[in-house]
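In case you want the letters, here they are:
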Amino acid sequence: MKTDLSPRMKIALYGLMLILLVPFVFPTWWMVTSSVKPISDIFAFPPEIIPSRFDFSTYGQAFELQPFAKQYWNSAYIAAIVTGGTLIFSSMAGYAFARIDFPFANTLFMVVLIGLLIPSEVTIVPLFRLFLSWDMINTHWPLILVPVFGAPSVFATFIMRQFFIALPKELEEAARVDGLGRFKIFWTIALPLSKPALGAVAIFTFLHSWNLYLEPIVFLSSPEKFTLPQALTQFTDAYGGAMWNIQLAAATMTALPVLIVFVIAQRQFVEGLAHTGLKG
Amino acid sequence: MTVVASPSELSRRKRPYWTMARRDSLAGYVFVAPQAIGIAVFVLVPLLLVFWYSLHEWNVLAQTFRFKGLENYHRLLSDPGLPEVLIATAIFSIFLVVFNMSLALLLAVLLNQKLRGITVFRTLFFSPVVVSLVAWTIVWSFLLQNNGGLNGILDHFGIEGPNWLRHPTTAMIAVVVVQVFKNVGLNMILFLAALQGVPKELYEAARVDGIPAFRQFRRITLPMISPTVMLTSIITIVGSLQVFAQIAVLTQGGPGMSTTVLVYYLYQQAFEFHNFGYGATLSILLFVIVAALTFLQWQMRKRIVFYEN
Amino acid sequence: MAPVTFSNVKKSYGAVKVIHGVDIDIADGEFVVLVGPSGCGKSTLLRMLAGLETISDGEIAIGDLVVNDLEPKHRDIAMVFQNYALYPHMTVEENMGFSLLHRGASTAEIKERVDWAAGILGLAEYLGRRPGQLSGGQRQRVAMGRAIVRNPKVFLFDEPLSNLDAKLRVVMRGEIKALHQKLKTTTLYVTHDQVEAMTMADKIVVLNGGHIEQIGTPLDLYDNPVNQFVAAFIGSPSMNFIKGRVDGDHFVAGDARLPVPPGAAEGRDLVYGIRPEHFTLAADGGIEAEVVVVEPMGSETQVTMRIAGQNVFGTFRERVLALPGSRLTLNVDPADTHLFDAETGLRLPRDAV
Numbered sequence: 336m337k338t339d340l341s342p343r344m345k346i347a348l349y350g351l352m353l354i355l356l357v358p359f360v361f362p363t364w365w366m367v368t369s370s371v372k373p374i375s376d377i378f379a380f381p382p383e384i385i386p387s388r389f390d391f392s393t394y395g396q397a398f399e400l401q402p403f404a405k406q407y408w409n410s411a412y413i414a415a416i417v418t419g420g421t422l423i424f425s426s427m428a429g430y431a432f433a434r435i436d437f438p439f440a441n442t443l444f445m446v447v448l449i450g451l452l453i454p455s456e457v458t459i460v461p462l463f464r465l466f467l468s469w470d471m472i473n474t475h476w477p478l479i480l481v482p483v484f485g486a487p488s489v490f491a492t493f494i495m496r497q498f499f500i501a502l503p504k505e506l507e508e509a510a511r512v513d514g515l516g517r518f519k520i521f522w523t524i525a526l527p528l529s530k531p532a533l534g535a536v537a538i539f540t541f542l543h544s545w546n547l548y549l550e551p552i553v554f555l556s557s558p559e560k561f562t563l564p565q566a567l568t569q570f571t572d573a574y575g576g577a578m579w580n581i582q583l584a585a586a587t588m589t590a591l592p593v594l595i596v597f598v599i600a601q602r603q604f605v606e607g608l609a610h611t612g613l614k615g
Numbered sequence: 005m006t007v008v009a010s011p012s013e014l015s016r017r018k019r020p021y022w023t024m025a026r027r028d029s030l031a032g033y034v035f036v037a038p039q040a041i042g043i044a045v046f047v048l049v050p051l052l053l054v055f056w057y058s059l060h061e062w063n064v065l066a067q068t069f070r071f072k073g074l075e076n077y078h079r080l081l082s083d084p085g086l087p088e089v090l091i092a093t094a095i096f097s098i099f100l101v102v103f104n105m106s107l108a109l110l111l112a113v114l115l116n117q118k119l120r121g122i123t124v125f126r127t128l129f130f131s132p133v134v135v136s137l138v139a140w141t142i143v144w145s146f147l148l149q150n151n152g153g154l155n156g157i158l159d160h161f162g163i164e165g166p167n168w169l170r171h172p173t174t175a176m177i178a179v180v181v182v183q184v185f186k187n188v189g190l191n192m193i194l195f196l197a198a199l200q201g202v203p204k205e206l207y208e209a210a211r212v213d214g215i216p217a218f219r220q221f222r223r224i225t226l227p228m229i230s231p232t233v234m235l236t237s238i239i240t241i242v243g244s245l246q247v248f249a250q251i252a253v254l255t256q257g258g259p260g261m262s263t264t265v266l267v268y269y270l271y272q273q274a275f276e277f278h279n280f281g282y283g284a285t286l287s288i289l290l291f292v293i294v295a296a297l298t299f300l301q302w303q304m305r306k307r308i309v310f311y312e313n
Numbered sequence: 263m264a265p266v267t268f269s270n271v272k273k274s275y276g277a278v279k280v281i282h283g284v285d286i287d288i289a290d291g292e293f294v295v296l297v298g299p300s301g302c303g304k305s306t307l308l309r310m311l312a313g314l315e316t317i318s319d320g321e322i323a324i325g326d327l328v329v330n331d332l333e334p335k336h337r338d339i340a341m342v343f344q345n346y347a348l349y350p351h352m353t354v355e356e357n358m359g360f361s362l363l364h365r366g367a368s369t370a371e372i373k374e375r376v377d378w379a380a381g382i383l384g385l386a387e388y389l390g391r392r393p394g395q396l397s398g399g400q401r402q403r404v405a406m407g408r409a410i411v412r413n414p415k416v417f418l419f420d421e422p423l424s425n426l427d428a429k430l431r432v433v434m435r436g437e438i439k440a441l442h443q444k445l446k447t448t449t450l451y452v453t454h455d456q457v458e459a460m461t462m463a464d465k466i467v468v469l470n471g472g473h474i475e476q477i478g479t480p481l482d483l484y485d486n487p488v489n490q491f492v493a494a495f496i497g498s499p500s501m502n503f504i505k506g507r508v509d510g511d512h513f514v515a516g517d518a519r520l521p522v523p524p525g526a527a528e529g530r531d532l533v534y535g536i537r538p539e540h541f542t543l544a545a546d547g548g549i550e551a552e553v554v555v556v557e558p559m560g561s562e563t564q565v566t567m568r569i570a571g572q573n574v575f576g577t578f579r580e581r582v583l584a585l586p587g588s589r590l591t592l593n594v595d596p597a598d599t600h601l602f603d604a605e606t607g608l609r610l611p612r613d614a615v
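Chains F, V and X are the protein sequences, given in the same order. For what it's worth, our numbering labels the leading residue of the first sequence as 336, then goes sequentially. For what it's worth, our numbering labels the leading residue of the second sequence as 5, then goes sequentially. For what it's worth, our numbering labels the leading residue of the third sequence as 263, then goes sequentially.
There are no misleading hints in this set.
Only pairs whose alpha carbons sit at most 30 Å apart, straight line, appear in this in silico BS3-like list of lysine-lysine:
(1) X/K279 with F/K504
(2) X/K335 with F/K519
(3) X/K415 with F/K519
(4) X/K272 with F/K504
(5) F/K345 with V/K118
(6) X/K415 with X/K444
(7) F/K504 with X/K439
(8) X/K465 with X/K279
(9) F/K530 with X/K373
(10) F/K530 with X/K335
(11) X/K415 with F/K504
(12) X/K429 with F/K504
(13) X/K279 with X/K335
(14) F/K530 with V/K204
(15) F/K504 with X/K335
(16) F/K504 with X/K373
(17) X/K465 with X/K446
(18) X/K415 with X/K335
(19) F/K345 with V/K204
(20) F/K519 with X/K373
(21) X/K439 with X/K465
(22) X/K335 with X/K446
Everything labelled a hint here was simulated from the structure, so no lab data went into it. Computed from a predicted model, the values in this text were never measured in an experiment.
Next comes chain F alone, as it looks inside the complex (with noise of 0.2 Å):
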């Protein structure tokens, strides 16, 4: 396949590439431009691709028609707990199930898996009523304890197993003539060495719930609790008509950090999810 190209053929992949690659990049490219339009332009016709006026005052206006600041902050720290969780629990368990010999362990690795065939939009009636039952309602541990537990950190569990089971046995057998524990062997050495598949494991757990929906909108009713995706929908003015402009500012900021993140370290993002144990 990886034959050199003729110059031809070359162009014409470009160009396949550049037409394939608009409905990729314009709608980010739309939300950006239009939020700094005046409410006039983002309508106008034919539409500008390239903004002739500017007008920022949508930003000010997000924060001012909700408490955006806290539900920015919502949505950050339940992230960052989500996802620290996870890297500590499935990094945990999968390091016992690919290296650790135990009674049981295939019976309760099964048991685990069975978190896969169980997304929690299957079991979002119960938790409901578990978490009313915890008085856990209109708070966010849901959307922590969810996550961190369900689904999600099993396919991480997963990754991890995979990525540990790679790893030389050796590097752990002279550890333990080195003289270290299960514990200190795992700290020491499992863990330094599987930064890639932590890194990919972060990424997808930051995003999963970064991106979380259902779950904030079944659990939570008070706007100052509110996260960023259930937030970005209550732009809305008195008739429920959706508020564009202001709406596409506060969705521009939501998603403007991590695509900078991304663009910076783009190279470990893609290629940390392509090495992780994903390939079958």
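Starting from the known structure of chain F, arrange chains V and X on it as the hints suggest.
Below, chains V and X alone, put in the same frame as chain F:
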């Protein structure tokens, strides 16, 4: 030649209860415990409760919880809306998976070419994955308004676009397309890694044997990446059954019920109409479908995957 | 430093027995090589001594201490692994000091020991590097350095040279031997390569199928193998075996008559053993052999020949210029020959020969 004073007695006497093997087992349980307990409390117990709840009617406001036997299941079988929901779910999932997998493969093959600046393209194709899901959906909803950007552009070329989100067919196309462009980057990257994992020698051998590029793709590339295709298709299908936010933001299941997929219907029944018992019954239906599809694909895997490491 | 004793050591995985009761005595400061084909249990024995495999039955003692139930860290051993098992995320210095660090040594002490080991192994200028930046031989040295810093009672080597190319293997073989002569630490060394065993060992233990075939010094095994397995395994190229019977003062195989010492047992099926290097070219009156392949090596010539329809291999100091199909006449000193029981494979004792 060592003199070991009756070593057997020594060791019998000294043999501790916490042998190496026992201590290691204990470590294993300690490492696994948080995850296992968490799964039990937040996944397995709720799963059992879904079955239990599906036999009851629960009124949150009146705080009543009444046994109804199989009533919810009778309702499931006679629900006039359900066939429509299942058809919408099937159409959505099938189109999503086919479109997603083919586009991902096409992009991966393109990105696997020796071209200058290919990393930039890779980054851009992947970028929607990291854009907040609801933000992405809101922009598309903005673009797909009757007076939105897409129709504006079409009008520029003299085409009168439809009111995308207000016609059953175009609304379904819209939710599929929005979801595919959002997440196809993930499968694309996995396919690209698989393509790069195919040993170069295979292609060199094929070229020496004079096998044309198209046939190389069918006879070498596809079989070699089939494990990845299988795995991603499972993930994509199960994922397609969980799509909720896009529907909720773009179409709210409409127009009519044309884009009301099972998860959205479940949400409506339980949390908008407060039919929690019936919602639990729909959850079981969703679970059965997910489990059946996963099992089916796992079985097919043996026949379809040409090669496995 | 300490002696090591294996007493009736057994290992089984469920119903599968892999080590069938092994006894080995290793004296203080001795260099013992466990050698055998792959799957003979040599690595398992080593790993049982290291504490990386459990001991199903019997006892292993280091000095006076039975170590069966001790963690590896309490056994005071150090091990060099086949793939070196260097920690890729640590520098050479950190790799070598790692075990001391986890035994609570002070920074100064660690530095002193690491510098000492690095000095011995010529690693002083590489201390800041990561394993990934080192050549195969350097990694090998770091692995050895990691073992010696602690000054353990026993060194364990698990096929340490098998990842090196042929040339480097010879160099490192010499270095390991020199290191042992300098430190005089009890050493147990596992290899499948009989050349390594012969060149390095004070004492060789030949293992096959989970039991010991023979224990002895290299030359003892070469001269007096107890059975056909050891005879074939030790020495390269391998000993020739020819099937036949003894008739008077000759061993008869087909139409060939080979010399044997007088008094050999007559009348039963035997195997005649002769090492390739013990054939000499004779003017005439010796054994007739048909040349099949001639391989000139420069220092010697290796010739594949047929005697009585059986392939045999000879190495000669002379340059043999014979063409395939031509005939050579060979001489054999009866003292260099071995006779094995065809059924049991055991060598007939000399005095009975």
